[in-house]
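Asks: These are the residues of each chain, in order.
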Amino acid sequence: DQQVKQNSPSLSVQEGRISILNCDYTNSMFDYFLWYKKYPAEGPTFLISISSIKDKNEDGRFTVFLNKSAKHLSLHIVPSQPGDSAVYFCAAGMQGAQKLVFGQGTRLTINP
Amino acid sequence: KAGVTQTPRYLIKTRGQQVTLSCSPISGHRSVSWYQQTPGQGLQFLFEYFSETQRNKGNFPGRFSGRQFSNSRSEMNVSTLELGDSALYLCASNSLKAGGHSYNEQFFGPGTRLTVL
Chain P
1 DQQVKQNSPS LSVQEGRISI LNCDYTNSMF DYFLWYKKYP AEGPTFLISI
51 SSIKDKNEDG RFTVFLNKSA KHLSLHIVPS QPGDSAVYFC AAGMQGAQKL
101 VFGQGTRLTI NP
Chain F
1 KAGVTQTPRY LIKTRGQQVT LSCSPISGHR SVSWYQQTPG QGLQFLFEYF
51 SETQRNKGNF PGRFSGRQFS NSRSEMNVST LELGDSALYL CASNSLKAGG
101 HSYNEQFFGP GTRLTVL
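Note that the protein sequences, when read in sequence, are chains P and F. Under the numbering used here, think of the first position of the first sequence as 1, with each following residue one higher. Under the numbering used here, think of the first position of the second sequence as 1, with each following residue one higher.
Careful: at least some of the hints might be erroneous.
Subject to a maximum C-alpha distance of 27 Å in a straight line, what follows is the list of computed DSS-like cross-link-like pairs (lysine-lysine) [stated by the list, open to error]:
hint: 1; chain 1: F; residue 1: Lys13; chain 2: P; residue 2: Lys71
hint: 2; chain 1: P; residue 1: Lys38; chain 2: F; residue 2: Lys13
hint: 3; chain 1: F; residue 1: Lys57; chain 2: P; residue 2: Lys38
Residues of chain P placed beyond 10 Å of chain F at every Cβ, according to the derived structure [to be verified]:
hint: 4; residue: Ser10
hint: 5; residue: Leu11
hint: 6; residue: Ala70
hint: 7; residue: Leu100
Quick caveat, the hints were computed from the structure, so don't treat them as lab data. Each residue gets a CB set at the ideal place from its N, CA and C atoms; glycine is no exception.
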């Protein structure tokens with residue numbers, strides 16, 4: 001039962017353009033969401049998070065949008081840079097439990 | 001602050017053997033979680049420890065176990081290894097305090113790559 005889904009295994013974007021990574025979830029009990037970036041042979045690195053009481057959180061070039069009614073969140077990266085090329089995981093959690101449920105990941109490639 | 005460290009980074013074992021992986025969290029962090037990453041299943045939660053107590057557990061067989069020491073360092077053990085246990089095992093820590101909310105992000109170590117032959 002895949003509670004968190006990233007339906008696009010890969011995404012290719014031109015440098016300077018906007019990258020939009022999508023994530024859907026099924027469990028309405030999730031109340032916070034995170035995005036992680038992962039390079040090969042390294043552990044995931046935290047990027048940005050959002051609580052279910054918000055619909056948007058912004059940090060520099062990264063913005064996460066949450067649509068609770070659609071059980072959908074997205075990560076926008078503007079402008080995209082070559083160093084953003086990595087695998088991006090969306091994760092969801094519930095207050096009181098340190099268990100994160102991860103999506104399968106989306107490989108983002110930024111083309112110069 | 002030093003990050004989360006995991007040892008060893010790479011390990012090769014044969015079926016039927018057992019293995020112990022170690023994780024040292026960020027100084028001051030008391031919550032340690034373990035995840036398994038495989039190409040087919042993605043990142044899956046194994047268990048979480050806080051103050052030497054297992055608080056959360058994922059859907060893994062009893063061959064997977066762990067513990068946490070008084071200095072917050074954690075170990076996970078896999079007994080009777082199977083080929084399907086080949087994976088990247090990731091440890092994460094966060095600064096969650098007792099009674100605090102859990103919105104703190106988890107900081108991951110580099111992982112231990114386990115290969116079972």
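Asks: Next, verify each hint and record whether it holds.
Replies: Now the hints, each set against the structure:
no., hint, in the structure
1, Lys13(F) with Lys71(P), "violated, 42 Å"
2, Lys38(P) with Lys13(F), "holds, 26 Å"
3, Lys57(F) with Lys38(P), "holds, 24 Å"
4, Ser10, "holds, 14 Å"
5, Leu11, "holds, 17 Å"
6, Ala70, "holds, 22 Å"
7, Leu100, "violated, 6 Å"
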